[in-house]
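For the record, the sequence lines run as chains A and B. The opening position of the first sequence corresponds to residue 2 in our numbering, with each subsequent residue numbered one higher. The opening position of the second sequence corresponds to residue 902 in our numbering, with each subsequent residue numbered one higher.
Careful, some of the hints might be misleading.
Stated by the list, open to error - Derived Cβ-Cβ restraints for the label pairs, each shown as a range:
#1 B:Gly957 <-> A:Ile112: 38 to 44 Å
#2 A:Ile63 <-> B:Thr921: 34 to 40 Å
#3 A:Gly56 <-> B:Thr915: 50 to 56 Å
What the hints assert, rightly or not - Coverage of chain B stretches by chain A, computed from C-beta distances (three or more under 8 Å per stretch; other residues unrestricted):
#4 913-921
#5 948-956
#6 961-972
The hints are simulated quantities; they were obtained by calculation from the structure and are not laboratory data. Just so it is clear, CB atoms sit at the ideal spot from N, CA and C, and this is done for glycine as well.
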Amino acid sequence: GENVEQHPSTLSVQEGDSAVIKCTYSDSASNYFPWYKQELGKGPQLIIDIRSNVGEKKDQRIAVTLNKTAKHFSLHITETQPEDSAVYFCAASFSGNTPLVFGKGTRLSVIA
Amino acid sequence: ETGVTQSPTHLIKTRGQQVTLRCSSQSGHNTVSWYQQALGQGPQFIFQYYREEENGRGNFPPRFSGLQFPNYSSELNVNALELDDSALYLCASRLGQVAFFGQGTRLTVV
């Protein structure tokens, strides 16, 4: 089955700097890669996703890149703000009938 | 706001008891998935329901069971609770591959 590895487990950046979180997946059939942000005491919130037919997707300060050959994808947050502090999870799946498989998460701290 | 609501938000149970957690899906979403999230870990897939039928199950014992109703709301039932069942239980309403999560139910087994 699918296995998703996520790095780093913790990340501290200065406000205004960029943050990058990386994930690798094992199943070449996976074609959908979402990113979730989870704040303390809340459920995961979908922030951006990408499908395997594109290499990059942007939404304001957030971008995701996908390298299908290497089977890895990354989340890029630019101009970080204190409210970006949270735990971020990557995930992968290959159909609507198969579950999302999650990485173990990255705790991002943005220091003002 | 995802439109997915879970109840209760917090729950304390004693080892050996049974518990039922509830989820109201986003309107129009006919697939619901349940996940268990231990402290400091990513969500782990328990099972998924599509149009009231279970169509996928993770590595969880049979004492974890579920139901999906015609209005697409759902329940997760856990029998014979163990201390290791203490976790955040998440319900996700799916539209194709896209999943929207509720706020979760924090279950503590003592």
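Looking back at the hints listed earlier, which ones does the structure fail to meet?
Numbers 4 and 6 - these are the hints that the structure violates, sorted from lowest upward.
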